[in-house]
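From first to last, the protein sequence lines are chains A and B. Under our numbering, the first sequence has 57 at position 57, and the numbering climbs by one with no breaks. Under our numbering, the second sequence has 117 at position 117, and the numbering climbs by one with no breaks.
Simulated from the structure, these hints should not be mistaken for laboratory data. Treat the hints with caution; some may be incorrect.
Same chains, same label: a pair holds when it works inside one copy or across any pair of copies.
To be verified - In silico DSS-like cross-links for lysine-lysine, where the CA-CA straight-line distance does not exceed 27 Å:
id	residue 1	residue 2
1	Lys82	Lys52
2	Lys82	Lys59
3	Lys59	Lys86
4	Lys73	Lys98
Number of protein chains: 2
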Amino acid sequence: MRDDRFCNSNCPFTRAIGTIGNKWKPIIINVIGTRSIRFGQIDAIVPHISRKVLTEQLKELEEDGLLERLAYKEIPPRVEYKLSEKGLAFLPILESIKEWNLKYEVALIPKETDYSYAG
Amino acid sequence: MRDDRFCNSNCPFTRAIGTIGNKWKPIIINVIGTRSIRFGQIDAIVPHISRKVLTEQLKELEEDGLLERLAYKEIPPRVEYKLSEKGLAFLPILESIKEWNLKYEVALIPKETDYSYAG
DNA sequence: TATTCTGGTTACTATTGGGTAACTACAAAT
DNA sequence: ATTTGTAGTTACCCAATAGTAACCAGAATA
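Given these sequences and hints, build the entire structure.
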């Protein structure tokens with residue numbers, strides 16, 4: 001899932017891309033944002049992601065220090081995820097990607113006017 | 001290569017990630033930077049990329065309006081790539097990713113002090 | 001005449017990613 | 001006694017991605 005050749009590169013930029021350069025991670029980070037959120041909520045909000053993949057991505061994000069995982073020893077289990085300082089520091093970058101896209105994306109006729117979740 | 005579910009999302013952020021959210025594209029955009037560069041040069045500079053994949057990525061970047069391809073009708077052929085306005089506008093985002101990584105990456109002992117290519 | 005040069009393309013194969021469904025623990029509610 | 005709820009994990013399988021090597025044009029060079 002993470003490409004070792006990227007993560008072990010001696011170019012720090014390449015390593016950064018190795019960490020966050022896939023399609024799910026920016027989406028997940030963006031969904032979490034500044035709040036604390038449970039596994040099931042992320043799963044419900046992010047379209048098309050399977051629990052298996054979500055688990056994997058969350059685990060990697062935690063390993064890479066982008067988010068913190070807080071498991072309450074209850075039954076049924078409850079787990080909350082929130083961004084670490086490093087993860088929070090990444091949010092402005094996602095904002096600038098949004099602005100960039102807004103400015104330069106070729107206009108297309110949207111099927112619905114529903115711009116939900118990532119507003 | 002591009003995920004249709006992402007590119008056809010009605011969330012503009014998701015679409016943006018569908019466009020540039022993979023490991024090769026940020027690297028390629030970063031390597032091109034503000035210069036005009038030939039196919040062979042990119043291939044030589046970017047580590048581990050195969051010509052096949054490079055071709056595919058460049059084609060998609062062109063389709064998405066991030067770069068311009070200028071083919072000289074010579075023999076042997078010469079093709080130059082350079083970023084479009086949209087592509088150039090993405091460079092500052094890559095810079096902020098570099099800064100973010102520099103600030104937050106967990107320190108690791110580099111095998112070599114060679115930080116070539118993406119400095 | 002053979003080789004080199006460039007920017008690819010193609011066919012074939014290996015690797016990986018990702019989807020699905022079943023399963024877990026255990027308590028509370030029905 | 002059975003269902004519900006949560007946050008996963010596991011096994012199995014298929015589709016997508018990426019790597020490799022061979023091949024192309026056609027002029028210039030040796």
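The hints, checked one at a time:
1. For the identical chains of this complex, Lys82 and Lys52 are intra-copy neighbours only, at 19 Å inside a copy versus 39 Å across copies, given an alpha-carbon limit of 27 Å.
2. In the homo-oligomer, the alpha carbons of Lys82 and Lys59 lie at most 27 Å apart inside one protomer (13 Å), although the nearest pairing across protomers, at 37 Å, exceeds that limit.
3. For the identical chains of this complex, Lys59 and Lys86 are intra-copy neighbours only, at 15 Å inside a copy versus 34 Å across copies, given an alpha-carbon limit of 27 Å.
4. Neither within a single protomer nor between protomers do Lys73 and Lys98 lie at most 27 Å apart by alpha-carbon distance, with minima of 37 Å and 38 Å respectively.
In the structure shown, a violation is registered for the earlier hint numbered 4 alone.
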